[in-house]
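Enquirer: Input sequences plus hints: build the corresponding full structure.
Below are the chains, spelled out letter by letter.
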Amino acid sequence: MSVVSVGRPTRPETEAEAVARPHGHGLVQDEPLIFELGGWDKTGVDMEPADLGADDLGDLVRGAPIGLPGLSEPETLRHYVRLSQKNHAIDLAMYPLGSCTMKHNPRLNEKMARLPGFADVHPLQPVSTVQGALALMDQLAHWLKTLTGMPAVALTPKAGAHGELCGLLAIRAALEARGDGRRTVLAPVSAHGTNPATAAMAGYQVVEIAQTADGRVDIADLAAKLGPDVAAVMVTNPNTCGLFEREVIEIARLTHAAGAFFYCDGANFNAIVGRVRPGDLGVDAMHINLHKTFSTPHGGGGPGAGPVVLSAALAPYAPTPWVVAGPDGSFALREGREGEAAAASGRMDAFHGQMGMYVRAMSYMLSHGADGLRQVAEDAVLNANYVKARLSGELTPAFPEGPCMHEALFDDAWLEGAGVTTLDVAKALIDEGFHPMTMYFPLVVHGAMLIEPTETEPRRELDRFCDAVLRLAAAAKAGDAERFKAAPVSAPLRRLDETAAARKPRLRWTA
Amino acid sequence: MSVVSVGRPTRPETEAEAVARPHGHGLVQDEPLIFELGGWDKTGVDMEPADLGADDLGDLVRGAPIGLPGLSEPETLRHYVRLSQKNHAIDLAMYPLGSCTMKHNPRLNEKMARLPGFADVHPLQPVSTVQGALALMDQLAHWLKTLTGMPAVALTPKAGAHGELCGLLAIRAALEARGDGRRTVLAPVSAHGTNPATAAMAGYQVVEIAQTADGRVDIADLAAKLGPDVAAVMVTNPNTCGLFEREVIEIARLTHAAGAFFYCDGANFNAIVGRVRPGDLGVDAMHINLHKTFSTPHGGGGPGAGPVVLSAALAPYAPTPWVVAGPDGSFALREGREGEAAAASGRMDAFHGQMGMYVRAMSYMLSHGADGLRQVAEDAVLNANYVKARLSGELTPAFPEGPCMHEALFDDAWLEGAGVTTLDVAKALIDEGFHPMTMYFPLVVHGAMLIEPTETEPRRELDRFCDAVLRLAAAAKAGDAERFKAAPVSAPLRRLDETAAARKPRLRWTA
Amino acid sequence: MRYLPLTPSDRAEMLGVIGAASIDELFVDVPASARLAGPVDLPRHAGEIEVERQLAKLAGRNRAAGAGPFFCGAGAYRHHVPASVDHIIQRSEFLTSYTPYQPEIAQGTLQVLFEFQTQVAALTGLPVANASLYDGSTGCAEAVLMAARVTRRGKAVLSGGLHPHYAETAWTMTHPAGLMTHRLPAALDDEAAVIAAIDAETACVVVQNPNVFGLVTDVSRIAEAAHAAGALLVVVTTEAMSFGLIKSPGEMGADIAVAEGQSIGNALNFGGPYVGLFACREPHLRQMPGRLCGETVDAAGKRGFVLTLSTREQHIRREKATSNICTNSGLCALAFSIHMTLLGETGLRRVAEVNHARARSLRTALAAVPGVEVLTPRFFNEFAVRLPKNAAALVETLAARDIIAGVPFSRLDPTAGLDDVLLVCATETTTAEDIDAFAAALAEELAR
Amino acid sequence: MRYLPLTPSDRAEMLGVIGAASIDELFVDVPASARLAGPVDLPRHAGEIEVERQLAKLAGRNRAAGAGPFFCGAGAYRHHVPASVDHIIQRSEFLTSYTPYQPEIAQGTLQVLFEFQTQVAALTGLPVANASLYDGSTGCAEAVLMAARVTRRGKAVLSGGLHPHYAETAWTMTHPAGLMTHRLPAALDDEAAVIAAIDAETACVVVQNPNVFGLVTDVSRIAEAAHAAGALLVVVTTEAMSFGLIKSPGEMGADIAVAEGQSIGNALNFGGPYVGLFACREPHLRQMPGRLCGETVDAAGKRGFVLTLSTREQHIRREKATSNICTNSGLCALAFSIHMTLLGETGLRRVAEVNHARARSLRTALAAVPGVEVLTPRFFNEFAVRLPKNAAALVETLAARDIIAGVPFSRLDPTAGLDDVLLVCATETTTAEDIDAFAAALAEELAR
Ligand SMILES: Cc1ncc(COP(=O)(O)O)c(C=O)c1O
Ligand SMILES: Cc1ncc(COP(=O)(O)O)c(C=O)c1O
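Protein chains in written order, with the numbering used here: chain B, 1 to 511; chain W, 1001 to 1511; chain D, 2001 to 2448; chain L, 3001 to 3448.
You may find that some hints are simply not true.
DEER-style ranges, computed between Cβ atoms [to be verified]:
(1) 51/B to 2035/D: 33 to 41 Å
(2) 510/B to 2044/D: 35 to 43 Å
(3) 1213/W to 2200/D: 47 to 55 Å
(4) 510/B to 1478/W: 35 to 43 Å
A short list of chain B residues far from chain D (calculated; beta carbon distances all over 10 Å) [as the list claims (entries may be wrong)]:
(5) 43
(6) 44
(7) 46
(8) 59
(9) 77
(10) 110
(11) 175
(12) 258
(13) 342
(14) 400
(15) 446
(16) 464
(17) 480
Pairs of lysine-lysine residues, derived as DSS-like cross-links and limited to a Cα-Cα distance of at most 25 Å, are as follows [unchecked claim]:
(18) 1145/W to 2057/D
(19) 2320/D to 1504/W
(20) 1504/W to 2302/D
(21) 504/B to 3302/L
(22) 3302/L to 485/B
(23) 3302/L to 2057/D
(24) 1225/W to 2320/D
(25) 2057/D to 1485/W
(26) 504/B to 3057/L
(27) 145/B to 3302/L
(28) 225/B to 3320/L
Note that these hints are calculated values from the structure, not bench results.
Just so you know, even glycine gets a beta-carbon here, dropped at the ideal spot from N, CA and C.
Expert: What follows is the structure in structure tokens.
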């Protein structure tokens, strides 16, 4: 339909109005919970009723109301589209969450994962009917092994933490196979929380390794703590300070000399993919977060996938199932403990891991190729160093000497006396249109701000981000603490009261 | 990555802040033009270069720079996702643009239209290889004919206006076939602009028919104007005032008695689908906007599809191509003027019209079925009458007597003396989170406000909308004109200067 | 019904608010004789599973272009559209919005249209472009109508290289207004005939480049002749990808450029929806059909975009409008613009070169088949061949072998006497194996 | 490279700002011996066309479940997911966001999680649910670990009706921490054996309902026995659709309910990603693994949601955490929640009833095949049959006839001695024709 624009010239805005309406803001629809939309007897799914009742089930039939509202399709669309607009996303602006590798998620990956031949295939179909799926798993395994220089890979772990567990279980099994009941895992203080949590799950006690002034593993301390009870040394490399462990080969040597295994947390593999092979560094096991390095979407908290590459010493202790390539080009599945799987460390989950993520990762890898993946690492490192260089004048880099890898770590020394905390800076960044950096991690740095741009940030966005941070730095130093305390003011909500949430948890809607 | 939330309790908001940040607002990313993003030598498409040059084309090869920027895929995604958030959409809130039928667009339709068997088929493939496409067109034709009670349909018009042209050309051809060179088309003042514009394109002069006080065609005036030069009478039914033409059968009778044809603008078919068949009213030709009644998405301005149903008298003058069902269940295409197509009025476009829209419309029709489509009309009319009933106390309905059909028309008498115009009300509705109604159309009503909720609006949203309008009415009557003049304040932009735009048109970016 | 949110109790309560006893009361204005008592004779509603089954079955009865060797062009082209294009156009905010009449809440669509217009202007080499028409063929008809308005003349000369369906559409849409379309016989190259046909009544000359036989020509001599006679030159392009390799219409003297934009961003869709590109020289701006998006500022001085010069359009000017077009091809224009943004100049030139190279490989392969004569000397990605047999019959034979061999010219114009001419096309999606399979099968069939 | 926005000149300039002469300088910390001089031995980058071709080829070598008769269940189920679910989860704001650590700009995800938790609590009949785990099998292992923390005991009794892969996963993930899993032999109904196995060391009893043979049972007697011994009852459900027809775990006395949520909103995906549902009774809340979303207010008093009770989690509590889980199944939980919102109680019950009815039709058809014995007396949508032949071999034979006949029990547990047992499943996507084709083919093969 047409609209006659009666062209009455609009009057210019008054100054007061201009201030009241900060630039770049728009209306966000309020949206109640589905339980408040009145859909107690609606449904958005049409289906002819069954021709039979369920009377054969007797009193096992669910009688009482369940309490689930339903909505028609139009209402459903609106509910979720409205909610979605309250989220920040990579597709909206830089999302420099250090250690999370929030890179672009190619849409080709999504399309490929939805091919019926991948999406509509049951994990327990006869193996003869899923040869393409097994071939893809085999291909993914080949790429991961080649990129890491490792002889084996266990694909089934569901995410990074699950991969850590898988790696430690292989180590445990290998030790048990030689009758060795070691009970300690060494890990630096800077380790991600999943490392100690996983070690505990795997039945180990965690002993912390000290860190040097330049943000690396203290080799002397490591050597001192290595002993006959140490099953594994867990080190993240590049580490969570965004630095490459220069002495990594020595770490591996010492570890092996002590009869222990070297577990590398590969969450930061993005910094070195195509340029460095962990296998060349003496690593025995390393998980790879496909949802970081290989671009499968984070989806607001998963799903991920955490394949673990393994050294020859650990390979026999991989969990089942795995794919076996036959000489005729066909593929089989090793599901039980038969044959070469006799020593398998168990089963990490019911089926074959995260096939949907394998397809996406494979689509990404094929797109980049060996050359492109190398460029990924280079650009990721370049972008991080660029941010570090641009911000170092005003902020205080935690480790100013030498280059960083894929992320730049700052402490809060530059905020000294400003009455502004790292948290405040993070919230103020929201008002600038960016997702904050990771804050207060790693724990080894005071008021840590960990910035990981990733290689998919264009120069222009890096500059916009750096400009915003520098503006905030100037404001903080100029004493404008109030602005920081009030932030964010432009998000759909102001700061949320997390203390109240935890004090009296309300974890579901009740009428 | 993890974030330690140092749980410093956030301080409560001051009153001044609460005012400065209207509820339900969020940050909208500013976004430059693609030409300002610096991508002059970038591309987001990887392709190995051709192995041959184009030297055989000599100086016909394009040498000079074209001036097209390119962006990598991450930048492209961000550009368009940012821009998208500056749009209102059905999926965000009620979009009551009268005459536009902004109903829910089912996602199943989108999925079906993308099946390779529909989307990846060439219009000139051998007919033996597109039997499913032809079958679908035949099925769509059957549904449209059954729903309208008309014996024939021309599918190829690309949108409503194109359908109008198609209908008038069939009329013209029918008249010419009997050697009749009539040159006038009668249409009411309330007609949509496309009606007179189409009549002119079809070579006719337009004479306006008067309207009665109750918003319908003035039969006496019609009778007076009908004569030997009148080729067609074009009437919208339900009409653009949202009213059913009570005397439609008489209009048809008079028209036919004068040797003219009755063209019905079917843009408002949504009000009567499944309840009334235009064929039972004496209509000779009527276009159907698949993008209105049959839910194909409006897409920010198209594409649409405007099939035209035809009476037996006009059927031979349909344009080619059309589908012919063979006795063996196979389908053929009549593309030239052979056989029964000897009298065809020509070709409306290069191929078979809007196949992508046919699939969507068919998916919608099959979903609703005969029973559901009838319910569509009922709910559309119910929703409009509900809005009319709720608003009539404060606003002034243009035609208070009797029910309306699928849309409710108000004039601006209720704004008398308030210093607020229909345009101001529309802009103020934006600040309430709604798309404005159609304004200043139809032309027969002063300061028209035409509200079409459609059947896919839930009760709750209708109430939210009515509450907002009533709030605005109270504010206008209370003398708060300033608020209206300033509106919108919560959209990404304030009112735009349309006069300046037209005075010195800038229609493309220049460096 | 999953798309209908009202519940029975909603309906009852709402009728109460309205003061109606039943829904039938709201339909009182319908003559009693025309009120249907119950549902029409069509199937009842169906769930998603059922609808999907029915439609998938129909889709399964079509041979998808991508399912095997495929060589059709002639106005619609199979190109690869990046996955992100289709992803973006499905965003609710683009898919489910209307024509941007309220610019404050439609800047997303409006900025895209402004960018689209700029891209189309650049591609065609002309200063102003509109926000899209239905498709190339209707755009061509609109160009003829526009030329008649500009020149106040009544005749259009249509080259025999113009796609026959375009010529027919132009006739259909322009003859009622009294225009005369002088359509020259189908011919590979009719420059001389076109120039000869220009006279003082001629409003415009319409030529296609590359033409329907794939021929790429320099139309500047025709431009000169037209201009000398006071007529406009309309250049039609059915293959927008060719803008990446071939001199633009603007550079060769066109006054109006019309193109089918389907190749960029849009699927084949059995012929539609597509997107018409339309550009012209500045002085004719106010005679242009279709929507235009222009730059302006908001009340706070911020840059923004609006639909403008709408006094040309039907909703303001009614019977004096430059066209009746209202709904156009918004979403297809968006797809075009996104794909073009991904390509950029670098990518467009690259893809265009690959198209050209593949078509040359195809020529080499077909030329080697005994009995096949390549007719088109200079082409972009499609060309005509003469076969020793009826082309339509051969295409059916090859289709039975799962090779879609191209478009027989007789399909476009059965009266041209070119029943032995086949139009073939190769794009970046064509593989060497496809070409080999085609040539081999053709050789076999011709040897029979 | 289309995913890499930096241009060569960007790179050069940025190195300048950094003060590095080359990119290699940024890698100085890597030991020289480990710096690769060039790309590894893998193919070079490829365009979309090429990647799509390669992957489509692999996909084409799998028989899609929807391509013909299909009867697999046993932990993964083929249901129809409405088109709008997949549309919504692909919105950038959901797809490309991280775990909602900054609640002010993550209310979309957080509100969804709160709604999801409420839905899961309602379905399982328990008061608190978390924001998802990886899948049902790892959720089952987490439940055992949680029960051990709650009871401070070290033994878990696993029913022989528990999916063997769940039992194996539970063993893998719990034995390193010193827990003992007492796994009973595979059995259709082992209530008595389960009750007998409970002792003073028992932290929990794990039963599946419907169990791996499809049997639906009343687990309240087991609940009583467990509670009497101070142990918890963990009820596992692999088919979430059954919640629409069968009494909930909470109603039958479960302390912890674990379910595989794939059936609602998620495709088969050859086994993953799926989504683990996890709910428990209030007192055990602080021993729960995984993320929790809670309601709170913002500084202006507006309702909002945050991740809460994170002191249970690894990033705060490190080695004392209730689990190491970090990334979980956010997007699958979203899909689950959307589908459940579309269904509502009405739709869920309807679809569940249809599943049950189809499975009963399947039973009737298979029971009529000579030699086939139906083993499961009461079931939801899957049941076990005993065949007069090796089930795995028969499944392969039928697969060659394009019928995917179900899951041979030996595939789940080759050591159980149930090689003649086949697990079959029917859902709302199964047609009468599918069932007829299966029964007919089975009868033929058994008659051979
Ligand atoms: C350094 C590090 N290690 C391990 C993990 C755990 O990975 P996931 O979240 O995939 O379980 C993360 C992710 O946050 C991480 O940053
Ligand atoms: C009453 C009426 N007639 C005709 C039309 C023209 O339809 P279209 O925009 O599809 O060309 C419209 C659409 O706006 C309309 O509302």
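Enquirer: Would you mind marking each hint as holding or not holding in the structure?
Expert: Hints versus structure:
1. 51/B to 2035/D: 33 to 41 Å: holds, 35 Å
2. 510/B to 2044/D: 35 to 43 Å: Given a distance of about 39 Å, which is inside 35 to 43 Å, the answer is holds.
3. 1213/W to 2200/D: 47 to 55 Å: For residue 2200/D against residue 1213/W, whose Cβ atoms are near 54 Å apart, the range 47 to 55 Å holds.
4. 510/B to 1478/W: 35 to 43 Å: Taking Cβ atoms as reference, residue 510/B and residue 1478/W lie about 40 Å apart, which means the hint holds.
5. 43: violated, 7 Å
6. 44: violated, 5 Å
7. 46: violated, 4 Å
8. 59: Holds: least Cβ distance 30 Å, greater than 10 Å.
9. 77: violated, 7 Å
10. 110: Given a closest Cβ separation of 7 Å, the condition is violated.
11. 175: holds, 46 Å
12. 258: holds, 50 Å
13. 342: Check passes; 44 Å lies beyond 10 Å.
14. 400: holds, 39 Å
15. 446: holds, 41 Å
16. 464: holds, 18 Å
17. 480: holds, 24 Å
18. 1145/W to 2057/D: holds, 23 Å
19. 2320/D to 1504/W: Judged against 25 Å, a Cα distance of about 22 Å means the pair holds.
20. 1504/W to 2302/D: holds, 17 Å
21. 504/B to 3302/L: OK: residue 504/B and residue 3302/L at ~17 Å, within 25 Å.
22. 3302/L to 485/B: It holds: about 18 Å lies between the C-alpha atoms, which stays within 25 Å.
23. 3302/L to 2057/D: violated, 51 Å
24. 1225/W to 2320/D: With Cα atoms ~22 Å apart, residue 1225/W and residue 2320/D stay inside 25 Å; holds.
25. 2057/D to 1485/W: violated, 56 Å
26. 504/B to 3057/L: violated, 54 Å
27. 145/B to 3302/L: Judged against 25 Å, a Cα distance of about 51 Å means the pair is violated.
28. 225/B to 3320/L: holds, 22 Å
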